[in-house]
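Take the sequences, apply the hints, and build the full model.
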Amino acid sequence: MGHKVLGISGSPIKDSNTDHLIKMVLQATEMGWDFIKLSELNIHPCNACKGCVSDNQCKQIDDWQGIADRVLGARALVIGGYAPYGSLDARTKAFMERMYCFRHQKALSKGKLGVAVAVGINEGGIPGADRAAEQIAHFMRMEQMEVLGRVTAAGNVPCLSCGYGIDCPTSAIPWIFGKVDGITEDMFKRVEDQTEVAELAIRLGREIREHLHKQI
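Quick note on the working numbering: the sequence shown kicks off at 103 and runs consecutively.
Quick list of simulated restraints, FRET-style, between CB atoms:
#: 1; residue 1: Asp157; residue 2: Gln246; range: 17 to 23 Å
#: 2; residue 1: Lys116; residue 2: Gln159; range: 28 to 34 Å
#: 3; residue 1: Gly213; residue 2: Gly134; range: 16 to 22 Å
#: 4; residue 1: Asn144; residue 2: His313; range: 29 to 35 Å
#: 5; residue 1: Asp157; residue 2: Ile268; range: 54 to 60 Å
Derived by calculation from the structure, the hints in this document are not laboratory data.
Even glycine gets a Cβ: it sits at the ideal position worked out from N, Cα and C.
So, in structure tokens, the structure goes:
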């Protein structure tokens with residue numbers, strides 16, 4: 103059916119901070135794990151057609167059919183997204199919506215372990231990463247999963263790499279860094295450099311392992 107622990111990333115950026123943070127949790131489990139990058143798949147939001155209510159099988163034809171068994175077979179899910187506009191990204195939200203097909207009558211996600219991961223900007227009064235992580239954790243609770251915790255990290259605004267970040271009138275760079283003359287390497291945040299974040303991710307991964315060993 104699949105690996106015991108499955109990580110899902112909603113970030114479209116290759117080797118993103120979101121990917122790295124999810125994999126920190128996965129690697130710390132020291133168990134068999136799998137990783138899905140949603141931007142490499144074509145997964146639509148739920149159509150609310152209720153075609154899944156009798157057999158728990160989604161009737162939309164897209165890439166969901168290729169990962170449904172991996173999701174269902176995992177005993178722990180590490181779901182991670184990022185926070186554009188201070189809220190959870192669309193790919194991660196669509197993925198969670200599609201898990202709705204497992205809910206009816208049998209509550210097939212009940213008892214799975216869950217860790218919520220989010221990367222974003224928690225500055226200027228906009229709790230982006232915190233809000234996104236709570237959206238994921240709330241989804242897990244609604245599916246009767248056991249949420250072990252959540253971990254958030256500081257990410258990078260697109261303005262740092264778009265090419266117009268210094269002069270653009272809507273740039274977030276002055277808002278975050280103040281008035282600057284140029285973009286420097288030290289402005290970019292890496293999950294690996296956020297010590298407390300990395301420590302929490304590793305702890306959550308170990309908690310997954312401990313809980314799963316108790317279930318054996």
